[in-house]
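Protein chains: 2
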Amino acid sequence: MAKGQGLTTRTEDYAKWYGEVIEAGDLAEHSPVRGCMVIKPYGYALWENMRDVLDRMFKDTGHSNAYFPLFIPKSYLSKEAEHDEGFAKECAIVTHSRLIPTPDGKDLMPDPSSKLEEELIIRPTSETIIYGAIKNWIQSYRDLPLLLNQWANVVRWEMRTRLFLRTAEFLWQEGHTVHATAEEAEEETAKMLGVYADFLENWAAIPVLQGRKSESEKFAGADHTYCVEAMMQDRRALQAGTSHNLGQNFAKGFDLTYQTQEGKLEHAWTTSWGVSTRLIGGLIMTHSDDKGLVLPPKLAPHQVVVVPIWRKDAQKDDILAYADKLVAPLREKGIRVHLDARDKMQPGKKFYEWEKKGVPLRLEVGPRDMENDGVMTVRRDTGDKAPMAREAFLDGVQATLDEIQATLLAKARAFREENTHAVDSYDRLKEIVEGDGGFCRALWCGSDACENQVQSETKATIRCIPFDEPEEKGDCIICGESNEKIGKRIVWSKAY
Amino acid sequence: MAKGQGLTTRTEDYAKWYGEVIEAGDLAEHSPVRGCMVIKPYGYALWENMRDVLDRMFKDTGHSNAYFPLFIPKSYLSKEAEHDEGFAKECAIVTHSRLIPTPDGKDLMPDPSSKLEEELIIRPTSETIIYGAIKNWIQSYRDLPLLLNQWANVVRWEMRTRLFLRTAEFLWQEGHTVHATAEEAEEETAKMLGVYADFLENWAAIPVLQGRKSESEKFAGADHTYCVEAMMQDRRALQAGTSHNLGQNFAKGFDLTYQTQEGKLEHAWTTSWGVSTRLIGGLIMTHSDDKGLVLPPKLAPHQVVVVPIWRKDAQKDDILAYADKLVAPLREKGIRVHLDARDKMQPGKKFYEWEKKGVPLRLEVGPRDMENDGVMTVRRDTGDKAPMAREAFLDGVQATLDEIQATLLAKARAFREENTHAVDSYDRLKEIVEGDGGFCRALWCGSDACENQVQSETKATIRCIPFDEPEEKGDCIICGESNEKIGKRIVWSKAY
Chain A
25 MAKGQGLTTR
35 TEDYAKWYGE
45 VIEAGDLAEH
55 SPVRGCMVIK
65 PYGYALWENM
75 RDVLDRMFKD
85 TGHSNAYFPL
95 FIPKSYLSKE
105 AEHDEGFAKE
115 CAIVTHSRLI
125 PTPDGKDLMP
135 DPSSKLEEEL
145 IIRPTSETII
155 YGAIKNWIQS
165 YRDLPLLLNQ
175 WANVVRWEMR
185 TRLFLRTAEF
195 LWQEGHTVHA
205 TAEEAEEETA
215 KMLGVYADFL
225 ENWAAIPVLQ
235 GRKSESEKFA
245 GADHTYCVEA
255 MMQDRRALQA
265 GTSHNLGQNF
275 AKGFDLTYQT
285 QEGKLEHAWT
295 TSWGVSTRLI
305 GGLIMTHSDD
315 KGLVLPPKLA
325 PHQVVVVPIW
335 RKDAQKDDIL
345 AYADKLVAPL
355 REKGIRVHLD
365 ARDKMQPGKK
375 FYEWEKKGVP
385 LRLEVGPRDM
395 ENDGVMTVRR
405 DTGDKAPMAR
415 EAFLDGVQAT
425 LDEIQATLLA
435 KARAFREENT
445 HAVDSYDRLK
455 EIVEGDGGFC
465 RALWCGSDAC
475 ENQVQSETKA
485 TIRCIPFDEP
495 EEKGDCIICG
505 ESNEKIGKRI
515 VWSKAY
Chain B
25 MAKGQGLTTR
35 TEDYAKWYGE
45 VIEAGDLAEH
55 SPVRGCMVIK
65 PYGYALWENM
75 RDVLDRMFKD
85 TGHSNAYFPL
95 FIPKSYLSKE
105 AEHDEGFAKE
115 CAIVTHSRLI
125 PTPDGKDLMP
135 DPSSKLEEEL
145 IIRPTSETII
155 YGAIKNWIQS
165 YRDLPLLLNQ
175 WANVVRWEMR
185 TRLFLRTAEF
195 LWQEGHTVHA
205 TAEEAEEETA
215 KMLGVYADFL
225 ENWAAIPVLQ
235 GRKSESEKFA
245 GADHTYCVEA
255 MMQDRRALQA
265 GTSHNLGQNF
275 AKGFDLTYQT
285 QEGKLEHAWT
295 TSWGVSTRLI
305 GGLIMTHSDD
315 KGLVLPPKLA
325 PHQVVVVPIW
335 RKDAQKDDIL
345 AYADKLVAPL
355 REKGIRVHLD
365 ARDKMQPGKK
375 FYEWEKKGVP
385 LRLEVGPRDM
395 ENDGVMTVRR
405 DTGDKAPMAR
415 EAFLDGVQAT
425 LDEIQATLLA
435 KARAFREENT
445 HAVDSYDRLK
455 EIVEGDGGFC
465 RALWCGSDAC
475 ENQVQSETKA
485 TIRCIPFDEP
495 EEKGDCIICG
505 ESNEKIGKRI
515 VWSKAY
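From first to last, the protein sequence lines are chains A and B.
Position one of the first sequence corresponds to residue 25 (our numbering), numbered consecutively onward.
Position one of the second sequence corresponds to residue 25 (our numbering), numbered consecutively onward.
Possibly wrong hints are sitting among the right ones.
No farther apart than 25 Å at their CA atoms in a straight line, the calculated lysine-lysine pairs in the BS3-like style are these [as the list claims (entries may be wrong)]: (1) A:LYS276 / B:LYS130; (2) B:LYS349 / A:LYS83; (3) B:LYS349 / A:LYS374; (4) A:LYS159 / B:LYS349; (5) A:LYS159 / B:LYS242; (6) A:LYS288 / B:LYS368.
Don't read these hints as lab results, they were simulated from the structure.
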């Protein structure tokens with residue numbers, strides 16, 4: 025940490041603040057293994073909550089989980105040319121299957137005689153390995169749609185890593201679906217983007233733009249990619265999830281065919297979609313403040329923490345018994361409550377720890393509260409401190425948590441609106457991107473040339489062509505050509 | 025399948041039957057990637073149920089989940105010598121991080137310039153990588169115990185693979201705990217073995233022997249290993265779970281120390297324990313019959329399947345409406361029910377499919393049932409078919425499921441008892457092992473020599489030194505020496 029107890033502030037050094045929030049919140053740490061992270065128990069509990077909500081949403085939309093191998097034979101990578109190029113540059117390659125002592129006996133080395141006939145790649149994503157298997161599951165239109173999801177670890181070799189946002193190994197889910205028609209595949213691609221937007225806004229309290237990626241930003245091998253984009257507090261964008269319509273590209277590469285109702289053999293239409301532990305990075309950077317983590321109640325491992333306060337050991341039992349008159353009814357209401365009964369730790373130190381860990385609501389329970397059948401409540405998001413009668417608190421606790429949840433979303437949405445600009449010249453775009461940053465809504469001709477120029481000159485990229493931008497005809501702010509190919513404003517921003 | 029619709033029977037060819045049950049039950053398949061399996065949606069749903077129950081048990085005993093890297097730097101493997109030897113022989117080794125085109129441009133090859141400075145091993149188990157991280161989490165006795173669990177994929181290079189029982193990659197959980205005293209570590213090791221036994225008997229309906237492994241069968245690097253051993257229907261043993269007391273061995277290798285209350289620096293005491301997707305193999309081989317899979321209600325993806333029967337299309341809507349008068353109340357009771365409303369499929373074909381998939385209770389609902397406000401019930405375990413009044417069925421359904429669960433456990437226990445023999449001579453041991461097989465309770469001197477002799481001559485191994493064998497003094501059935509070192513009968517059997 026920077027100075028004494030406090031964290032580096034966001035305005036001092038945003039990147040440093042981010043790292044300190046993670047450390048202070050005990051979420052994760054860099055592992056001695058290059059590029060890999062250790063997700064610590066508190067961070068993993070947060071991931072479990074996110075995963076469980078998403079998993080329920082996937083199942084409610086008809087998807088089943090399955091599990092496919094970690095290894096992809098090298099030859100699979102040549103089946104979809106664009107895809108291959110996209111991932112071959114950064115992958116972990118398994119070449120041997122046995123270690124033996126070195127000649128001097130002091131170390132271990134791969135046994136040359138255990139060299140694999142064909143190298144195996146650790147999956148960076150599983151399209152190729154999944155298609156290799158499911159093509160045997162599908163004979164006719166009756167076997168479609170096939171709606172699968174997988175929760176797994178994947179590896180993309182990364183030179184510059186950052187906890188949650190960019191690591192060599194990360195955890196994610198990848199949906200893979202197969203359809204009989206282009207329309208159904210498109211419907212699925214859009215539906216799952218909607219699921220992500222629903223999760224992000226209504227559970228993670230992260231407002232998102234929904235839209236389509238430009239050609240240069242789409243997934244390697246996709247017809248097109250939809251995405252949800254969020255704005256972090258440093259006004260940079262975070263791609264929070266993507267949903268790809270793969271058309272018949274992979275089906276053709278893997279000869280994934282089905283017999284139509286009319287008896288014709290056709291290539292299937294496929295999609296894939298995914299979100300990852302990167303969402304935790306997005307959650308941190310959307311809500312947290314200079315005191316540390318701030319978690320939305322719907323995903324927080326502990327929604328309420330109870331800190332009992334006793335001055336003399338003689339008071340302890342009574343205070344704990346009274347605390348239980350809060351803890352037990354909260355549990356009964358299905359609220360995730362944690363009682364911090366640690367001995368030999370000052371209450372102030374506990375307050376400070378739970379503040380850094382972002383627990384939405386803290387209850388302080390001392391002798392006076394016990395006397396009055398009351399409780400001191402402290403909101404993490406606003407810092408508001410209020411004494412309440414115990415019964416009144418219990419009656420209203422769910423409403424309070426809902427209000428915190430709504431406040432976080434509204435605050436993040438207001439921040440994004442404030443920092444989203446209609447931009448009508450390249451100079452203005454540069455000014456914003458090089459200044460405070462933010463989302464720049466601008467007209468674009470649709471050419472790679474303009475996109476590349478902006479990216480190389482300003483480092484801003486096209487985050488998406490938003491679904492909900494109104495139609496607008498005019499000239500590209502870069503080259504002055506008509507935007508008729510796109511027909512609406514697109515969004516530029518620097519991004520994670 | 026062997027002949028028409030039927031499976032190969034258990035008596036005809038047990039191994040073939042096992043493979044066919046998995047295929048007919050749509051649980052899993054071999055992947056084109058050597059040694060790896062694909063867990064299909066129905067098989068994965070079963071694993072999810074097992075995982076969720078175990079996860080709850082681990083959390084209820086105070087453990088938290090976390091996640092550690094997939095990769096282990098080669099140098100970590102030399103920190104615990106025995107452990108190193110145990111796993112170096114069969115591992116996947118990552119040596120490069122980039123693919124480039126071959127000189128002729130027709131293929132891809134590892135880029136020589138991307139060769140890693142230090143090779144990485146795909147975790148075969150995570151002790152080494154976890155200890156490398158958590159030694160920084162622990163300063164003093166106040167940080168102990170540390171009670172972690174991880175759900176993950178691991179890789180052990182296997183030459184001969186078998187779905188669920190032995191695959192190169194498999195899914196598992198690995199608990200890793202750190203304690204301040206030898207007593208606490210021992211208590212934890214025993215407690216988690218108890219959790220496994222509880223899960224196996226009360227959820228999977230698999231009776232198990234709890235005991236200790238002989239020196240030669242213990243985990244590489246452990247002080248001692250406890251295990252739960254089940255008997256499959258071919259009378260061979262399956263090691264269903266293990267719990268290791270690692271003493272201070274790993275703590276010393278990784279310099280995992282803590283400061284005691286008295287201010288002294290000491291090496292910690294650690295444990296690890298795990299179960300894997302192998303449990304699915306055990307579940308199959310314990311309960312299934314010649315018609316296919318039989319699943320215990322507490323873990324079955326669908327506990328009840330409802331098959332509506334209509335002769336004319338005009339009846340369909342009424343029948344489905346009536347079926348819902350079963351489905352809706354079952355759902356309300358929290359019972360996992362599946363309505364098989366597939367069109368253009370004969371009811372008989374559906375019955376057959378759900379039988380192969382082992383659904384504990386099948387409901388057939390036709391026009392006559394509708395008229396009588398009744399339902400035809402069919403138990404998978406016994407094949408018993410009984411018409412019932414709808415209300416009476418709904419009132420008793422939980423009791424019926426509980427009875428099926430209890431029947432499966434009782435049947436498996438009776439089978440094990442019938443095939444467990446008190447054996448008082450080596451000749452008798454050989455006779456049993458080379459005949460029908462089974463568990464042989466026998467006196468053993470405790471020497472490696474006798475253990476090795478039996479193993480090389482009969483392929484039987486010591487499954488465990490059971491906790492609940494009574495004390496019994498006498499002579500080793502192999503060498504005739506006294507068994508005073510062991511002091512009770514141990515169990516010999518061929519095993520998976």
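Tested hints:
1. A:LYS276 / B:LYS130: holds, 19 Å
2. B:LYS349 / A:LYS83: holds, 23 Å
3. B:LYS349 / A:LYS374: Violated, at roughly 53 Å.
4. A:LYS159 / B:LYS349: Violated, at about 38 Å.
5. A:LYS159 / B:LYS242: violated, 42 Å
6. A:LYS288 / B:LYS368: The given pair, whose Cα atoms are some 20 Å apart, holds under the 25 Å limit.
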